[in-house]
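Please build the complete structure, drawing on both the sequences and the hints.
In order, the protein sequence lines correspond to chains A and B. No gaps in the numbering here: position 246 of the first sequence is 245 in numbering that gives the first Met the number 0, and each next residue is one more. No gaps in the numbering here: position 45 of the second sequence is 44 in numbering that gives the first Met the number 0, and each next residue is one more.
Since the hints were made in silico from the structure, they are not lab data. For every residue, glycine included, the Cβ atom is placed at its ideal position computed from N, Cα and C. A hint or two may mislead.
Partial pick of chain B residues on the chain A-facing surface, computed with a CB cut under 8 Å [as the list claims (entries may be wrong)]:
#, residue
1, Q87
2, A94
3, R148
The lines below spell out each chain.
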Amino acid sequence: MTNRRDFLKLSALAVAATSGMPGFLARAATQAGGPKTLVVVQLTGGNDGLNTLIPYSNGAYYAARPNIAIPKKDVLTVTPDLGMHPALRPLMKLWDEGHLAWMENVGYPNPNRSHFASMAIWHTADPTQAEADGWIGRIAEKIGDPFCASNLGAATPQALQASEFSLPSIDSVDNFQLKLPGGMNTPFESLLNSPRSGEAAYLTRATRQMLKNTARVQENVKKYKAGATYPDTKFASQLRDAARLIAAGVGQRVIYVSLGGFDTHAGQRAEQDGLLGTLAGGLSAFQADLERQGLARDVIVMGFSEFGRRVAENGSAGTDHGKGSVMFAFGQGVKGGVHGSSPDLEDLSEGDIKYRQDFRGVYAEALTRWLNLDARGILGGTFTGPRWIA
Amino acid sequence: MNARARGAHVHRGSVKGVGLTLGALVLLSPLLSPAGALPRYRIQAAPQLHLTEENELWELDRRVMPCTYCHVNADGGAPWNPFGQAIQATFASEAREGRHLTFPQALSTLLKADTDADGDGYPDALEVYAKTLPGDPASRPGQPLDELRAAFAAAGGAEQFAAPKKKAGK
Numbered sequence: 000m001t002n003r004r005d006f007l008k009l010s011a012l013a014v015a016a017t018s019g020m021p022g023f024l025a026r027a028a029t030q031a032g033g034p035k036t037l038v039v040v041q042l043t044g045g046n047d048g049l050n051t052l053i054p055y056s057n058g059a060y061y062a063a064r065p066n067i068a069i070p071k072k073d074v075l076t077v078t079p080d081l082g083m084h085p086a087l088r089p090l091m092k093l094w095d096e097g098h099l100a101w102m103e104n105v106g107y108p109n110p111n112r113s114h115f116a117s118m119a120i121w122h123t124a125d126p127t128q129a130e131a132d133g134w135i136g137r138i139a140e141k142i143g144d145p146f147c148a149s150n151l152g153a154a155t156p157q158a159l160q161a162s163e164f165s166l167p168s169i170d171s172v173d174n175f176q177l178k179l180p181g182g183m184n185t186p187f188e189s190l191l192n193s194p195r196s197g198e199a200a201y202l203t204r205a206t207r208q209m210l211k212n213t214a215r216v217q218e219n220v221k222k223y224k225a226g227a228t229y230p231d232t233k234f235a236s237q238l239r240d241a242a243r244l245i246a247a248g249v250g251q252r253v254i255y256v257s258l259g260g261f262d263t264h265a266g267q268r269a270e271q272d273g274l275l276g277t278l279a280g281g282l283s284a285f286q287a288d289l290e291r292q293g294l295a296r297d298v299i300v301m302g303f304s305e306f307g308r309r310v311a312e313n314g315s316a317g318t319d320h321g322k323g324s325v326m327f328a329f330g331q332g333v334k335g336g337v338h339g340s341s342p343d344l345e346d347l348s349e350g351d352i353k354y355r356q357d358f359r360g361v362y363a364e365a366l367t368r369w370l371n372l373d374a375r376g377i378l379g380g381t382f383t384g385p386r387w388i389a
Numbered sequence: 000m001n002a003r004a005r006g007a008h009v010h011r012g013s014v015k016g017v018g019l020t021l022g023a024l025v026l027l028s029p030l031l032s033p034a035g036a037l038p039r040y041r042i043q044a045a046p047q048l049h050l051t052e053e054n055e056l057w058e059l060d061r062r063v064m065p066c067t068y069c070h071v072n073a074d075g076g077a078p079w080n081p082f083g084q085a086i087q088a089t090f091a092s093e094a095r096e097g098r099h100l101t102f103p104q105a106l107s108t109l110l111k112a113d114t115d116a117d118g119d120g121y122p123d124a125l126e127v128y129a130k131t132l133p134g135d136p137a138s139r140p141g142q143p144l145d146e147l148r149a150a151f152a153a154a155g156g157a158e159q160f161a162a163p164k165k166k167a168g169k
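Here it is, written out as structure tokens:
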């Protein structure tokens, strides 16, 4: 008898057996799934929160950063004390509409300044580093669907690893079709036609069904016409693929995209200013696309980075690894505003801000009130956080 | 033949075998990322300084641009050697003037300044050109200074180390 765990494992293996084709394309819309999608944006490298959501009324900020602070005259004011980095101007429409949320001062207990360790903590939602599975992988297990989430990019992040399988990674939606190595078509067909029993028969049936569904889903993807002009960046291209997947109706509950380069030890302004522009340009096009296609009501975006940067600039006009930072979220289902209090820049922990909101509370809000899932079961505990879902 | 094709070929007689092999590849894929590759700053600097020529695997070869190019220790990290400190100082001095440079721009700016960080008598740009370490006085070109300077000028001078133009986010 095949239990749920065996089913997930077999399904994942069946997908792998079809040349590693992305599972969700094969699965199509046949699995159960809610209509709502969460898009997770990873800012890799440790985005500096203080130069993203700027405490422009705080003299301690300017004292700590004489060469790299964002001048008060340049910030995009959102409160009497805070302003967005000027490169985020494309997101101001969302702010003005009340659909852009900033979660201030987010972190976790016993902060780790290692990229690898801290990213693993955010991916597994486990600051003790005992958990190996990713929180999105656990979503897939909870839903009972190994194809309900995908990463857009080369390698699957730990966040999308489940105990028995890895959720698919997609380099480019256009490339998703069955492409066997030269000379493998006939052996592959023979393999599918061979009489089998037991698990092998199951895999054969699953493979044929996947091939059939793949063709259908590919047709849906091809029908997509962008509702907005995306910037010419790799990040925007990933977001365009995300919009195509959502528009194709393939039942994606979580889509994961990444933008790297935020490890700004030197020359931070030149690096981060450009990256935030890339971020905002891609995200605003994505939102505009969803709105024009009538899909915006069912999609929200949540962004994070593995840590923030130290409060004081270093000797290279950059900043070194810090602790807490900001998170952001937007969409018609998001309650806009600044959630949580800003860090006290005159009461630091080893030169870093003291976090006040646990990131798992931010995750919990998305899980419970957007995806309608059991956050406690997925996160391994009860975490309260800002009420950022509308 | 790529790894995936090899796996499929070896196990083509068994559906389960194919699945297991390729499934394992999927699970291993994060481990196959270029974890052993050069760190980001050297990925930027090595081609800019023409240290990668005729080496297709340069991104995986730490000898192309050792840590001691800018750091004191062979494993990198603090402290920085005189050339590394000169790069840091370039970032800071330019930022004080309101000029926010990227790493390639800072490197180019420093090399154009014609300074000699390690004080061995050979300016940094000439050491880069001669493929010696500009932050280590024990590492210096064997060629006489005037002769090297003439060859450097004939090759294009400091302009050959100009920052490449790139679009953000690409």
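Status of each hint after checking the structure:
Given hint, B:Q87 at the interface with chain A, holds; its Cβ is 4 Å from that chain's nearest Cβ, closer than 8 Å. Contact between B:A94 and chain A, as hinted, is supported at the beta carbon level, the nearest pair being about 4 Å apart and thus within 8 Å. With its C-beta approaching chain A no nearer than about 29 Å, B:R148 sits outside the 8 Å limit, and its interface hint is violated.
Checked against the numbered hints above, the structure breaks only hint 3 and satisfies the rest.
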